[in-house]
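Asker: Sequence:
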Amino acid sequence: MPRIRLKNKNYVKKVREIKPPVWQTMRFWLLIVSVYAVWIYGLRRPVYQHLYGSPAEPPAEQMTETWEEIPHQDWQETTVNGYKIRYMVRKKYSVTGRIVYLDWYHFIGTWYRSAMNPGVYLYDGVVPVDVSVLHGATAAEDNWHKLKFTHEYRLLWSRPKYKNIAYVYNPEERNNNHTIPASKNILRALKIVKIGEPVYIEGYLVDWEGTGKYADFKIKTAVTPGELSHEKAGGLKTWLCRQIFITKISFGGYTFE
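Read left to right, the sequence shown gives residues 1082 to 1338 (this note's numbering).
Rather than coming from a laboratory, the hints here were simulated on the basis of the structure. Careful: at least some of the hints might be erroneous.
[Stated by the list, open to error] Below, computed lysine-lysine pairings styled on PhoX-like, alpha-carbon distance capped at 25 Å:
| hint | residue 1 | residue 2 |
| --- | --- | --- |
| 1 | K1165 | K1294 |
| 2 | K1173 | K1294 |
| 3 | K1265 | K1173 |
| 4 | K1172 | K1301 |
| 5 | K1244 | K1229 |
| 6 | K1165 | K1244 |
| 7 | K1229 | K1265 |
| 8 | K1173 | K1229 |
| 9 | K1172 | K1244 |
| 10 | K1301 | K1329 |
| 11 | K1265 | K1244 |
| 12 | K1165 | K1275 |
| 13 | K1329 | K1275 |
Since the structure is predicted, the reported quantities are computational estimates derived from the model, not experimental observations.
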């Protein structure tokens, strides 16, 4: 005789809860963001200093720049970030000053701007960051923070931060450096230097140009203080920026080369 199983009216069937993968949880992404923030804003600077820098004296208190004539140089070829370029060294250059703006060029911005000018890929690849530096009286500790600086694709703009306040501003003591890092260590250093920090930068001013499909892309460097560009922005004259091949940078008690 077959067995008859009676149903339990009080029985509730348990439904198995399917949990989402860890990477889809809010906690996971909060952890990732937190770890990233701790690295970028806390750990990266001391780690880079100790691994890639050398202990050095702080930059000199007198903030000035030097331009050194060198024998005439021929055009040379090199490859920067996969782009083959030709360059000619014009002068040796160094500045002890205060960084007031860093503008990095990343893929999305490069892609967006390239619709108007394909040469943007070349420029942003060879010159991944603009470093704006003050020197002289304009860079004084009790003066520089009275000025507000903004940057719009290779152009540095400045104005007084407050109305009716005395300040010193000499346009020849402001420079916008389009930097070509000579090494990965230089690039690492530029990622950890702080706005307002005294810095010593050394390198060479170069004219450079693209090759192949970028052969028409030619860039001139400023080789004298206050040199004007033939380009205009909003109908206004602009200063010619320095195209600088950085070979050495010092700040925060460390030197990177």
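Asker: It remains to establish, for every hint, whether it holds in the given structure.
Answerer: Results for each hint:
no., hint, in the structure
1, K1165 - K1294, "11 Å, holds"
2, K1173 - K1294, "30 Å, violated"
3, K1265 - K1173, "21 Å, holds"
4, K1172 - K1301, "12 Å, holds"
5, K1244 - K1229, "12 Å, holds"
6, K1165 - K1244, "48 Å, violated"
7, K1229 - K1265, "30 Å, violated"
8, K1173 - K1229, "30 Å, violated"
9, K1172 - K1244, "39 Å, violated"
10, K1301 - K1329, "22 Å, holds"
11, K1265 - K1244, "42 Å, violated"
12, K1165 - K1275, "31 Å, violated"
13, K1329 - K1275, "16 Å, holds"
In the structure shown, a violation is registered for the earlier hints numbered 2, 6, 7, 8, 9, 11, 12, in ascending order.
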